[in-house]
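Protein chains: 2
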Amino acid sequence: PQSPHETYFSAEPLDRLSAKRPDQDWVRSRLKGPQTVILLFHRLSPMMRDQDGDQEGESSAMQSRLCRFSHKEVEDLLERPGSVLVFLGVERRRPPPSAADGEPRAWFALGLDSESEEELLKRSCEKHSRFAQNAHRDLLRLSEEEAGVVAQARSVLAWHSRYSHCSTCGSVSRVEEAGHKRSCESQACISHKGVHNTCYPRVDPVVIMLVVHPDQSQVLLGRKKVFPSGMFSCLAGFIEPGECVEAAVRREVQEESGVLVGPVWYVCSQPWPMPSSLMIGCLTVAMTTEINVDQEEIEEAQWFTRQQVVDSLLGGPRAAFTVPPRQTIAHQLLRHWTGLSANL
Amino acid sequence: PQSPHETYFSAEPLDRLSAKRPDQDWVRSRLKGPQTVILLFHRLSPMMRDQDGDQEGESSAMQSRLCRFSHKEVEDLLERPGSVLVFLGVERRRPPPSAADGEPRAWFALGLDSESEEELLKRSCEKHSRFAQNAHRDLLRLSEEEAGVVAQARSVLAWHSRYSHCSTCGSVSRVEEAGHKRSCESQACISHKGVHNTCYPRVDPVVIMLVVHPDQSQVLLGRKKVFPSGMFSCLAGFIEPGECVEAAVRREVQEESGVLVGPVWYVCSQPWPMPSSLMIGCLTVAMTTEINVDQEEIEEAQWFTRQQVVDSLLGGPRAAFTVPPRQTIAHQLLRHWTGLSANL
Ligand SMILES: Nc1ncnc2c1ncn2[C@@H]1O[C@H](COP(=O)(O)O)[C@@H](O)[C@H]1O
Ligand SMILES: Nc1ncnc2c1ncn2[C@@H]1O[C@H](COP(=O)(O)O)[C@@H](O)[C@H]1O
Ligand SMILES: [Mg+2]
Ligand SMILES: [Mg+2]
Ligand SMILES: [Mg+2]
Ligand SMILES: [Mg+2]
Ligand SMILES: [Mg+2]
Ligand SMILES: [Mg+2]
Ligand SMILES: [Zn+2]
Ligand SMILES: [Zn+2]
Chain A
1 PQSPHETYFS AEPLDRLSAK RPDQDWVRSR LKGPQTVILL FHRLSPMMRD
51 QDGDQEGESS AMQSRLCRFS HKEVEDLLER PGSVLVFLGV ERRRPPPSAA
101 DGEPRAWFAL GLDSESEEEL LKRSCEKHSR FAQNAHRDLL RLSEEEAGVV
151 AQARSVLAWH SRYSHCSTCG SVSRVEEAGH KRSCESQACI SHKGVHNTCY
201 PRVDPVVIML VVHPDQSQVL LGRKKVFPSG MFSCLAGFIE PGECVEAAVR
251 REVQEESGVL VGPVWYVCSQ PWPMPSSLMI GCLTVAMTTE INVDQEEIEE
301 AQWFTRQQVV DSLLGGPRAA FTVPPRQTIA HQLLRHWTGL SANL
Chain B
1 PQSPHETYFS AEPLDRLSAK RPDQDWVRSR LKGPQTVILL FHRLSPMMRD
51 QDGDQEGESS AMQSRLCRFS HKEVEDLLER PGSVLVFLGV ERRRPPPSAA
101 DGEPRAWFAL GLDSESEEEL LKRSCEKHSR FAQNAHRDLL RLSEEEAGVV
151 AQARSVLAWH SRYSHCSTCG SVSRVEEAGH KRSCESQACI SHKGVHNTCY
201 PRVDPVVIML VVHPDQSQVL LGRKKVFPSG MFSCLAGFIE PGECVEAAVR
251 REVQEESGVL VGPVWYVCSQ PWPMPSSLMI GCLTVAMTTE INVDQEEIEE
301 AQWFTRQQVV DSLLGGPRAA FTVPPRQTIA HQLLRHWTGL SANL
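Quick mapping for you: the protein sequence lines, in order, are chains A and B. Going by our numbering, the first sequence opens with residue 1, and the numbers climb by one from there. Going by our numbering, the second sequence opens with residue 1, and the numbers climb by one from there.
Honestly, the hints are just simulated from the structure, not real lab data. Idealized CB from N, CA, C, for every residue including glycine. Keep in mind that the hints are not guaranteed to be accurate.
[Said to hold, decoys possible] Residues from chain A that face chain B, not an exhaustive set, calculated with beta carbons under 10 Å:
{"#": "1", "residue": "Gly-148"}
{"#": "2", "residue": "Val-156"}
{"#": "3", "residue": "Ser-164"}
{"#": "4", "residue": "Ser-167"}
{"#": "5", "residue": "Cys-169"}
{"#": "6", "residue": "Ser-171"}
{"#": "7", "residue": "Val-175"}
{"#": "8", "residue": "Gly-242"}
{"#": "9", "residue": "Trp-265"}
{"#": "10", "residue": "Gln-270"}
{"#": "11", "residue": "Pro-271"}
{"#": "12", "residue": "Pro-273"}
{"#": "13", "residue": "Ser-276"}
{"#": "14", "residue": "Leu-278"}
[Stated by the list, open to error] Restraint ranges, calculated between C-beta atoms of paired labels, are given here:
{"#": "15", "chain 1": "B", "residue 1": "Arg-318", "chain 2": "A", "residue 2": "Lys-181", "range": "39 to 49 Å"}
{"#": "16", "chain 1": "B", "residue 1": "Gly-258", "chain 2": "A", "residue 2": "Ser-98", "range": "22 to 32 Å"}
{"#": "17", "chain 1": "B", "residue 1": "Gly-258", "chain 2": "A", "residue 2": "Gly-258", "range": "44 to 54 Å"}
Could you put the whole structure together from the sequences, leaning on the hints where they help?
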């Protein structure tokens, strides 16, 4: 049952079967399964191909699809130095009775860094295959289901690419548990005593909030310098150690805009695999209205009226500003506040 | 304004003033401020002393207070190899006009590992000072305000103790930004290009959820092997890369109990500095009721009736099980469900 606030990147078409990860024999046999799908990533970009606009009419932008490989097609790449294989899960759909081995289809991600894009692209039998060039643009063109798979795959591969060494002693660490754990190669390292987060993928919780004016008819939006010109979005920031969600919302809003806020309501959440954030989306009501932006991070912040937000969500000539794309939780928070349905 | 769901460890009596962290001169001058408070930690345990029960009557267990040091009292310790100093923030209360320098009181945490406890305890002029021996017990005896300060301090110090090396290249890293950042000592390291989470404290988001029976009159609680005998609590688990909060709730409940759940509601959150979790507390409704525990993690799981939960929260001879202490978010979720006030 899809909630009204289901966000892009948060679909879970696969059952992760985390208990199976330590079972190397099982993982190896699933990897070789006749129906198994392997996704190829080059420096954290998945191989994909563009499709013609789908059938749903004018609102649909160009869609892309992930390129799918079988074990045979990429077997040699598994042995390349620096390659990382991650077991993503199995499809929740029961396999058709005709399925070759009666097992649900397993999915893996294979990450490669040192190979050339050309060498990898040559393996695709599909025309126009390419590697995503701009994650913030290209990864937003996938179907909801494929986006959900990429969210897990890209976050875990990004962790491997930045955490190849043990942070406790500096030794090299090795991949374990089907790509979901790293263990220090030094047997003397204290990381082997007890369970520590150093061995597990990192997820960074972030608060992102729509600040509502005390008069309830306006919201506070801001611009970072890196935004495309004309775009405004919700304020957001990393949750710090020792903070609850609500305290992080209060602190980040004050830091970035000078505005003090009161109560906080959770709305929805979204994994954001750039590289591995968990966006926690909230609504909050301001207690002060004077804006005083933190020039380091925010270029400009401004109160926008409900009408301005509606016009901007609808796009067209009356738009007061550019809204973030519909795949972002900031966009969903804006829609939520205006009371427009997610399909508008 | 304290929300009904304000949780232990989540008070923020200090303004973190994160923008000041890179300003070394400012930080050094606050460190030497005549009113400044420095907390001493030995292997992640704060120095504290026990107090007689407070005045609030029968329900109050023994309280503890943090030992506070001035710059002069610990100046020499700042130079010890391996010591880490973290700027925690300044008091939100305006200083009294009599305050020596008119500045709000600044707080720091000083973490030490290799000194002996005795050497450090000798510096305290207060009797019965000691280092917390069991974080899960001793840190729950602080006032709400001191617990909030310790939440930040212990999480950040725990990060320094496990992340002394650059996870990207294995070199030693150095402390920067008043204890809130680490940078790789190797100038050639790619971690210096762009902004990466490898340089910032880690916070691990965890979902913790009270699963309500489809008949709405029972809840599902479980026991880990390490729990004191008779204790049952909410199921909980780390959010994985690529998951939203709601998906993590569904996955962890199914993994740990075999129960399938439908809608999920966020209730409240709590920082848990053992070592650095963010507990995201939810309520969810089960769609199936048969229990099938994951023997690895959960020893036993069971449906409890509303009456059993109420009797157990009240304690005494009719308790069906031992509830987790009131300082835990699991306890607050149970209270929330029964509709009892937090002060019961
Ligand atoms: N986990 C993290 N990953 C990246 N940047 C972080 C992280 N934690 C704190 N930061 C800092 O936070 C800044 C972004 O600010 P904000 O998102 O508002 O918290 C970055 O430029 C970093 O200086
Ligand atoms: N960040 C983390 N810190 C510690 N353990 C983790 C982490 N992520 C995953 N784990 C694993 O999760 C187990 C606890 O299960 P759960 O809390 O139910 O997710 C631990 O024993 C570890 O094997
Ligand atoms: Mg920000
Ligand atoms: Mg921040
Ligand atoms: Mg910020
Ligand atoms: Mg668990
Ligand atoms: Mg887990
Ligand atoms: Mg679990
Ligand atoms: Zn190590
Ligand atoms: Zn490095």
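Taking the hints in turn, this is what the structure says about them:
1. Satisfaction of the interface hint for Gly-148 (chain A) is found here, the shortest Cβ-Cβ separation to chain B being roughly 7 Å, below the 10 Å cut-off.
2. With its C-beta approaching chain B no nearer than about 5 Å, Val-156 (chain A) sits inside the 10 Å limit, and its interface hint holds.
3. Checking Ser-164 (chain A) against chain B by beta carbon gives a least distance of about 7 Å; that is within 10 Å, so the hint holds.
4. Among the interface hints, the one on Ser-167 (chain A) holds; its C-beta lies about 4 Å from the nearest C-beta in chain B, closer than the 10 Å criterion.
5. With 10 Å as the threshold, the beta carbon of Cys-169 (chain A) comes within range of chain B, its nearest partner Cβ sitting at about 6 Å, so the hint holds.
6. The closest approach between the C-beta of Ser-171 (chain A) and any C-beta of chain B is roughly 7 Å, which is under the 10 Å cut-off, so the hint is satisfied.
7. Because the beta carbon of Val-175 (chain A) sits about 14 Å from the nearest beta carbon in chain B, more than 10 Å, this interface hint is broken.
8. Taken as an interface hint, Gly-242 (chain A) checks out: its beta carbon lies about 3 Å from the nearest beta carbon of chain B, inside 10 Å.
9. Given hint, Trp-265 (chain A) at the interface with chain B, holds; its Cβ is 9 Å from that chain's nearest Cβ, closer than 10 Å.
10. The interface hint given for Gln-270 (chain A) is met, as the beta carbon of that residue sits about 6 Å from the closest beta carbon of chain B, less than 10 Å.
11. Interface hint status for Pro-271 (chain A): upheld, as the beta-carbon distance to the closest one in chain B is roughly 5 Å, under 10 Å.
12. Satisfaction of the interface hint for Pro-273 (chain A) is found here, the shortest Cβ-Cβ separation to chain B being roughly 6 Å, below the 10 Å cut-off.
13. For Ser-276 (chain A), the suggested interface contact is upheld, since its CB lies about 5 Å from the closest CB of chain B, less than 10 Å.
14. A cut of 10 Å between beta carbons decides the hint on Leu-278 (chain A): the least distance to chain B is about 5 Å, and the hint holds.
15. Checking the proposed 39 to 49 Å range against Arg-318 (chain B) and Lys-181 (chain A) shows it holds: the Cβ atoms sit about 44 Å from each other.
16. In this structure, Gly-258 (chain B) and Ser-98 (chain A) meet the distance hint of 22 to 32 Å, their C-beta atoms being roughly 29 Å apart.
17. Range check, Gly-258 (chain B) to Gly-258 (chain A): Cβ separation about 50 Å, and the 44 to 54 Å hint holds.
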